[in-house]
Amino acid sequence: MSHMKEISIRELHRRTGAWVRDARKYGSILIRDRNTPVAKLVPISGEPPVNVFKGWKPMKKFAEALDRPVSGTPVEEIIGQDRNR
Amino acid sequence: MAKIETADAIAPTYFDSALIAKFYLNEPGREAIRVLARNAGIVVTSGIAVAEISAAFHRKFREGAVDHDVFKALHGQFQHDLTNGLWRLIGPTEALLEQVRVLFVRLDRLVFLRSLDALHLVTARAEHFDRIYSNDRHLLAACAALGLEGINPIRQTFHKIDSLRN
Numbered sequence: 006m007s008h009m010k011e012i013s014i015r016e017l018h019r020r021t022g023a024w025v026r027d028a029r030k031y032g033s034i035l036i037r038d039r040n041t042p043v044a045k046l047v048p049i050s051g052e053p054p055v056n057v058f059k060g061w062k063p064m065k066k067f068a069e070a071l072d073r074p075v076s077g078t079p080v081e082e083i084i085g086q087d088r089n090r
Numbered sequence: 062m063a064k065i066e067t068a069d070a071i072a073p074t075y076f077d078s079a080l081i082a083k084f085y086l087n088e089p090g091r092e093a094i095r096v097l098a099r100n101a102g103i104v105v106t107s108g109i110a111v112a113e114i115s116a117a118f119h120r121k122f123r124e125g126a127v128d129h130d131v132f133k134a135l136h137g138q139f140q141h142d143l144t145n146g147l148w149r150l151i152g153p154t155e156a157l158l159e160q161v162r163v164l165f166v167r168l169d170r171l172v173f174l175r176s177l178d179a180l181h182l183v184t185a186r187a188e189h190f191d192r193i194y195s196n197d198r199h200l201l202a203a204c205a206a207l208g209l210e211g212i213n214p215i216r217q218t219f220h221k222i223d224s225l226r227n
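So the protein sequences, as listed, match chains A and B.
Residue numbers for the first sequence follow the numbering used here, so the first one is 6 and each next one is one higher.
Residue numbers for the second sequence follow the numbering used here, so the first one is 62 and each next one is one higher.
No wet-lab data here; the hints were simulated from the structure.
Ideal Cβ positions, reconstructed from N, Cα and C, are used throughout, including at glycine.
Check the hints yourself; a few may be wrong.
To be verified - Here are the computed lysine-lysine pairs in the DSS-like style, where the Cα-Cα straight-line distance is at most 30 angstroms:
id : chain 1 : residue 1 : chain 2 : residue 2
1  : A       : K10       : A       : K59
2  : A       : K10       : B       : K133
3  : B       : K133      : A       : K62
4  : A       : K45       : B       : K133
5  : A       : K65       : B       : K133
6  : A       : K10       : A       : K65
Said to hold, decoys possible - If the Cβ cut is set under 8 angstroms, some of the chain A residues that face chain B in the computed set are:
id : residue
7  : R15
8  : A23
9  : K45
10 : L46
11 : F58
12 : E81
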């Protein structure tokens with residue numbers, strides 16, 4: 006059984022952007038002022054978003070190479086140093 | 062954040078470039094990034110990530126940390142994934158660059174902020190994210206200046222593993 010996602014006004018205020026994006030995920034979100042329902046956040050209808058990472062695997066011809074452990078400077082340090090220049 | 066209630070729930074998430082590079086490189090933390098991306102369903106980043114990641118792969122190759130086969134594999138897979146829209150790239154547009162300029166005009170003189178960190182932060186904010194995932198300490202430290210929450214998913218994972226061990 007599914008039921009509508011419910012959040013408080015305070016929670017909506019705290020993370021407005023995230024809840025607006027999540028409206029499509031939940032179908033709609035009910036906003037409560039204390040315990041009283043006061044509003045509903047409803048997404049504009051359209052194609053539901055697809056999880057592009059579900060079932061992602063490296064391509065067969067690259068899988069073995071990408072599985073080898075990589076040594077050297079960690080990539081976050083490389084990019085950090087690049088930004089420091 | 063509220064627990065996701067359906068198996069196919071999507072929670073678009075903003076990644077800094079280093080996390081996307083780590084998604085491909087078999088370094089500590091890769092699995093945590095892949096799990097986070099799978100849970101998010103959609104990962105958004107600045108288009109500048111393509112340049113940063115390509116440069117990072119080349120530095121790994123230049124330093125001999127990866128051989129030619131791995132270097133080719135990294136680029137082959139990355140190109141394939143870009144073509145197929147695995148990573149949702151935003152800009153950089155003229156409007157975003159103008160926002161970066163304005164950000165630096167108004168930025169407190171005590172905040173250390175690098176140009177590409179600023180571009181990522183401005184892009185995330187323009188896309189209405191209220192948090193950004195990164196494992197770069199400078200970018201994470203600068204998040205608050207833009208009212209964003211910075212989260213290091215790799216440190217969180219290791220912290221969780223340590224807690225379970227103790």
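Evaluation of the provided hints:
| no. | hint | verdict |
| --- | --- | --- |
| 1 | A/K10 with A/K59 | 24 angstroms, holds |
| 2 | A/K10 with B/K133 | 46 angstroms, violated |
| 3 | B/K133 with A/K62 | 17 angstroms, holds |
| 4 | A/K45 with B/K133 | 50 angstroms, violated |
| 5 | A/K65 with B/K133 | 13 angstroms, holds |
| 6 | A/K10 with A/K65 | 40 angstroms, violated |
| 7 | R15 | 14 angstroms, violated |
| 8 | A23 | 6 angstroms, holds |
| 9 | K45 | 16 angstroms, violated |
| 10 | L46 | 13 angstroms, violated |
| 11 | F58 | 4 angstroms, holds |
| 12 | E81 | 4 angstroms, holds |
In summary, the structure is inconsistent with hints 2, 4, 6, 7, 9, 10 from the numbered list given earlier, while agreeing with the others.
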